[in-house]
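J.: Read in order, the letters of the sequence shown are residues 1 to 138 in this note's numbering.
Wrong hints could be hidden among the right ones.
EDC-like cross-link-like pairs, simulated, lysine to aspartate or glutamate; straight-line CA separation at most 16 Å [stated by the list, open to error]:
1. 67 - 135
2. 33 - 106
3. 68 - 106
4. 105 - 135
5. 86 - 29
6. 67 - 132
7. 86 - 108
8. 67 - 136
9. 33 - 108
10. 105 - 29
11. 81 - 27
12. 36 - 108
13. 86 - 27
14. 86 - 21
15. 68 - 132
16. 23 - 4
17. 105 - 136
18. 68 - 136
19. 81 - 21
20. 68 - 135
21. 36 - 106
22. 23 - 82
23. 33 - 89
24. 86 - 26
25. 81 - 29
26. 81 - 26
27. 81 - 4
Computed beta-carbon distance windows for the label pairs [unchecked claim]:
28. 107 - 68: 17 to 23 Å
29. 26 - 125: 31 to 37 Å
30. 64 - 89: 29 to 35 Å
31. 15 - 82: 14 to 20 Å
Calculated from the structure, these hints are not laboratory results. Every value quoted in this text rests on a predicted model; they were computed, and no experiment measured them. Glycine included, every Cβ here is placed at the ideal spot set by N, Cα and C.
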Amino acid sequence: MYPEQLVAPMRTDLTSAGFTEFKTSDEVENNLKNLKGTTLLVINSVCGCAAGAARPGVKWALQHTDKKPNNLATVFAGVDKDAVAKAREFTLPYPPSSPAIALFKDGELVHFVERHHIEGRNAQMIGQHLVEVFDEFC
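Produce the entire structure from the sequences given, and follow the hints as far as they go.
T.: Given below as structure tokens:
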């Protein structure tokens, strides 16, 4: 587990952009099962590709589209172990991946961006991809 003082700015990077953070498995279960419409879930991480591409890419996408998910949520890998484990149940059959970006529609996983799709890409590339995903599903 990473110390809270280390991850606090990384949490804030998404929560200040309107994301609700789920820290327990119950919060994940209750919200992902019951939220209607579209929900974007970011599995946050301390790694460089989360800081350099995933988080800024998600924020870029939200700033550059009129079609946005109804709900924005995040869990933090390496910190909120139970919440992440529960979130990963919802992203099956994909293997555990962090960072990762999942889009749900009425509780069903409709799109998933794994770490290997984030690594080596810049924030704008991630953002442009997400804008296309939002156009299709939101």
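J.: Could you check the structure against the hints above and give me the numbers of any it violates, in ascending order?
T.: none
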